[in-house]
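Engineer: Build the full structure now, drawing on both the sequences and the hints.
Below are the chains, spelled out letter by letter.
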Amino acid sequence: MIMIFGIPGPLLFGQLLLGLINGAFYAMLSLGLAVIFGMLNIINFAHGALFMMGAFCSWMLLNYLGIGYFPALILAPLIIGAFGIVLEKTLISRLYKLDHLYGLLLTFGLALVIEGLFRNAYGSSGLPYRIPQVLTGATDLGFMFMPNYRGWVVLCAAVVCFATWAIIEKTSLGATLRAATENAPLVQAFGVNVPRLITLTYGGGIALAAFAGVLAAPIYSVNPNMGTNFINTVFAVVVIGGMGSILGSIVTGFALGVVEGLTKVFYPQASATVVFVVMVIILLTRPRGLFGKAA
Amino acid sequence: MFGFSRAQTIAFLVMVALIVVCPFILYPVFLMRVLCIALFACAFNLMIGYVGLLSFGHAAFFGMGSYVAAWTIKFWHVDASIAIVLGGATGAFLGLCLGYLAIRRSGIYFAMITLALAQMVYFFCLEAPFTGGEDGIQQVPRGKLFGFIDLSNDMTMYCLVASVFLGGFLLIHRIIHSPFGQVLKGIRENEPRATSLGYRTDDYKLIAFVLSSMLAGVAGGTKALVFGIATLTDVHYATSGEVVLTTLLGGLGTVFGPAMGALVIVTMENYLAQFGAWVTVTQGVIFIVCVLAFRRGIVGEIGGRLKINL
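Quick mapping for you: the protein sequence lines, in order, are chains L and P.
Offset between the first sequence (1-based) and the working numbering: plus 375.
Offset between the second sequence (1-based) and the working numbering: plus 481.
Wrong hints could be hidden among the right ones.
Said to hold, decoys possible - Simulated pairs of lysine-lysine, DSS-like, Cα-Cα distance not exceeding 30 Å:
id, chain 1, residue 1, chain 2, residue 2
1, P, K666, P, K788
2, L, K464, L, K545
3, P, K625, P, K555
4, L, K472, P, K625
5, L, K472, P, K788
To be verified - Distance ranges between label pairs, derived from CB positions:
id, chain 1, residue 1, chain 2, residue 2, range
6, L, L502, P, V770, 30 to 38 Å
7, P, E615, L, L502, 20 to 28 Å
8, P, S659, L, N495, 41 to 49 Å
9, L, S500, P, V770, 28 to 36 Å
10, L, S500, P, Q619, 18 to 26 Å
Since the hints were derived computationally from the structure, they do not count as laboratory data.
By construction, the Cβ of each residue, glycine as well, lies at the ideal position given by its N, Cα and C atoms.
Structural biologist: Below, the structure is given as structure tokens:
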């Protein structure tokens, strides 16, 4: 057996993979937060709740309608994204002229309502969601066995993150979006329907969270608290990465997941807090975050 | 009186009268919970109302104050007053550490950083041996005040809690009406201008944060004595959310709002406790309604109608 720093190789790589998976979720969630923040200037506290709704949506599709995992991977983000658009149109859009803190309070309230309703309906113990047949089993990579589903999650997350980055940085829609982030009135003067752009951005960010939720459903049990467990760490990730760049939030998300995985190998007690410790160090040395622009 | 305006003096006297009369009509333990949450909300309001910084991590100070007071009175058998003071000191020290980091950013970032730091405190409490993990510190005796006043009687305890609340309330009032408080309001309105006038705004913000977290620690310590228990719930971020809600409902930046909010929220929780998660749903709905239609809160709305500052 290979030993690395006195740790058995398979254990080290196993935890690294787990870290990479957590990192994949951090990346997708913080990416959505960053995109929404860029356009709407609000921190979407309901992000965790909508991530949880994504997982529940796939569970419901399977158990009530018999729709399997792969269609759910497309359908759930669409359904929850549409729900996000409704939320933006009916509630959040009323707050754009006010202090940004009100947006935070409103979305926090939304998160409480959504989680409370799901807890009432489904309890907090969690529902099982099986890994699809094709993705069960494991592959021997030579240095470790990798469960196929976990590899699939990392692959999917990487593809989706890259696609989001490409849409925002390389397409004309993305260019309009970035321009509207910089100066909305000017873009509106050029004839772009900025309010609709804002709505679609919110829907897109939510769809991203819901997609992460579907990916998470077979790994973690589907329960109403799954979002909050993640989102507090994701906020720390966002502070570390800074809100400035799309690529920044993707890289920071994956990197912190790996850091967390490594901590689990070398000093398990600190694994829950290591992200926050990194945040403290970043705040002391570079307050605006690794990739953040000057305030 | 103490820099109160006339309307505020009347409101203050009404509040004191209610504090004196209520324990003869209502259940004292319920009222003590209201007063503890009210002090906690007043401490929180000092930051959001007068410095303009929304802290989403005040549960850390409340919870740690609660743990330390419970621990010292149970295992060191200190006097009740010492336990509460130690709770406050813990809050202040923790506030100094977390505040030093958090005031580097403002607005939304400040909220996220305080939330994340408080989450770190939560994980610390989950792992640390002295907190008792999931069980918390239970069966904490109320002990004696100044060595001879037995606090096991609910009415005696109520007198102590009421004095602590009124002391904290008047302290906050004194702070915001001092020259220091005026500078804080100046920072809230226009920080660059305060800086250009030669004020070291970071120092002011940090001192305000420490004062606020100290009072949150006092509230937590008092709560631990009243209920004889200190648990993870007190440091959980839901408690941070609850204090935000309490203050928002009562009226951000009003003098009497937090106390009013505490009365309404604790009453509501009392009645809804049997319905499980519906408490969370109701809290969320109140958040949404307050933000969309009721931003001045109960006291702010009353004050606005009567054209007075409450």
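Engineer: Please go over all the hints and tell whether each is borne out by the structure.
Structural biologist: Outcome of the hint check:
For the suggested pair K666 (chain P) and K788 (chain P), the alpha carbons sit about 21 Å apart, so the restraint of at most 30 Å is met. For a cut-off of 30 Å, the pair hint linking K464 (chain L) to K545 (chain L) stands: about 28 Å separates their Cα positions. A hinted pair counts as satisfied when its Cα atoms are at most 30 Å apart, and K625 (chain P) with K555 (chain P) qualifies at roughly 12 Å. Our distance criterion of 30 Å between C-alpha atoms is broken by K472 (chain L) and K625 (chain P), whose separation comes to about 54 Å.
Straight-line distance between C-alpha atoms of K472 (chain L) and K788 (chain P) comes to about 25 Å, which keeps the hinted pair within the 30 Å bound. In this structure, L502 (chain L) and V770 (chain P) meet the distance hint of 30 to 38 Å, their C-beta atoms being roughly 31 Å apart. The hinted range of 20 to 28 Å is satisfied by E615 (chain P) and L502 (chain L), whose Cβ atoms lie roughly 23 Å apart. Under the hint 41 to 49 Å, the C-beta atoms of S659 (chain P) and N495 (chain L), about 48 Å apart, fit the expected range.
The hinted window of 28 to 36 Å between S500 (chain L) and V770 (chain P) holds, with their beta carbons roughly 31 Å apart. Our hint of 18 to 26 Å for S500 (chain L) and Q619 (chain P) holds, since their Cβ atoms are close to 25 Å apart.
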